[in-house]
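A.B. asks: Chains as they are written, first to last, in this note's numbering: chain A, 975 to 1051; chain B, 79 to 215.
Do not rely on the hints blindly, as some may be mistaken.
Claimed, not checked - In silico lysine-lysine, DSSO-like type, Cα no more than 27 Å apart, as pairs:
# : chain 1 : residue 1 : chain 2 : residue 2
1 : B       : K147      : B       : K109
2 : B       : K144      : A       : K1031
3 : B       : K169      : A       : K1036
No lab work stands behind these hints, which were simulated from the structure alone.
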Amino acid sequence: MSYQRVTVSLPRNVYEDLLALFGKGKISSVVAEAVEEKVLEKKLAPKDPIEAFFAHKKNLQKLTHRQIMAAIRKGRM
Amino acid sequence: MNVVLVDASVVVTALLTENLKVENHFKGLLKKAESENLRLISSKLLNLEVANALRFGINDDEKCLKVWKDFVSLPIKTYILTKGQLGLAIKTSYSYGTTVYDTSYHILAKAQGATFLTCDEDYYDRAKNLGDIELIG
Chain A
975 MSYQRVTVSL
985 PRNVYEDLLA
995 LFGKGKISSV
1005 VAEAVEEKVL
1015 EKKLAPKDPI
1025 EAFFAHKKNL
1035 QKLTHRQIMA
1045 AIRKGRM
Chain B
79 MNVVLVDASV
89 VVTALLTENL
99 KVENHFKGLL
109 KKAESENLRL
119 ISSKLLNLEV
129 ANALRFGIND
139 DEKCLKVWKD
149 FVSLPIKTYI
159 LTKGQLGLAI
169 KTSYSYGTTV
179 YDTSYHILAK
189 AQGATFLTCD
199 EDYYDRAKNL
209 GDIELIG
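Pulled out of the complex, with its shape left as it was, chain A reads as follows (with noise of 0.2 Å):
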């Protein structure tokens, strides 16, 4: 495999937990694993993300306005 050398900013504190959780070493395999995960989502990602939300629809049990209002409420207070 070949690799492309390149130049990324990361938050400190994420710089600090790679270091600590990682090693030094390890920086470019994990940045690597993470960012291969995230494109491969990417690429799987539905077409059409309207059709796709609504089509959940068919697998979820029907609520009544009432207990909708009260799980968008509920532990608000």
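Based on the hints, put chain B in the right spot on chain A.
C.D. replies: Structure of chain B alone, referenced to chain A:
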């Protein structure tokens, strides 16, 4: 260009009820927004409220996460209210006997020149005199 602001009640009613009127209306708005014939907007609060409603409206966590993933891909642009707008939401919520949560959508709609679309009949009844609000359900 027309601007419409939706709250969580519209999104969740369109998804989790048999109410075809709301489903078709919301789907129509989404398609117009996708083709850039309409600005479909909301407050950042939308994400939190929809997430909470999905959490308590769908029993299965896997199903819930799949719905969430597709929800966040919908063409709805969300905004954070400014401190000034939140101040107005507080003041308005006292005047109309409403919550700051619900009123914040309405204030953002006013600020963005949008019509606030909601399925929340209770809020609508209390705050309809503020204008720029439409009840669907």
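A.B. asks: Would the pair K144 of chain B and K1031 of chain A pass a check requiring their Cα atoms to be no farther apart than 27 Å?
C.D. replies: Holds - the C-alpha atoms of K1031 of chain A and K144 of chain B are around 12 Å apart, at most 27 Å.
A.B. asks: Could you grab the alpha-carbon distance between K147 of chain B and K109 of chain B and see if it respects the 27 Å cut-off?
C.D. replies: Status holds; Cα separation ~18 Å.
A.B. asks: Does K1036 of chain A sit within 27 Å of K169 of chain B, going by the straight-line distance between their CA atoms?
C.D. replies: violated, 36 Å
The structure fails hint 3 only (numbered hints given earlier).
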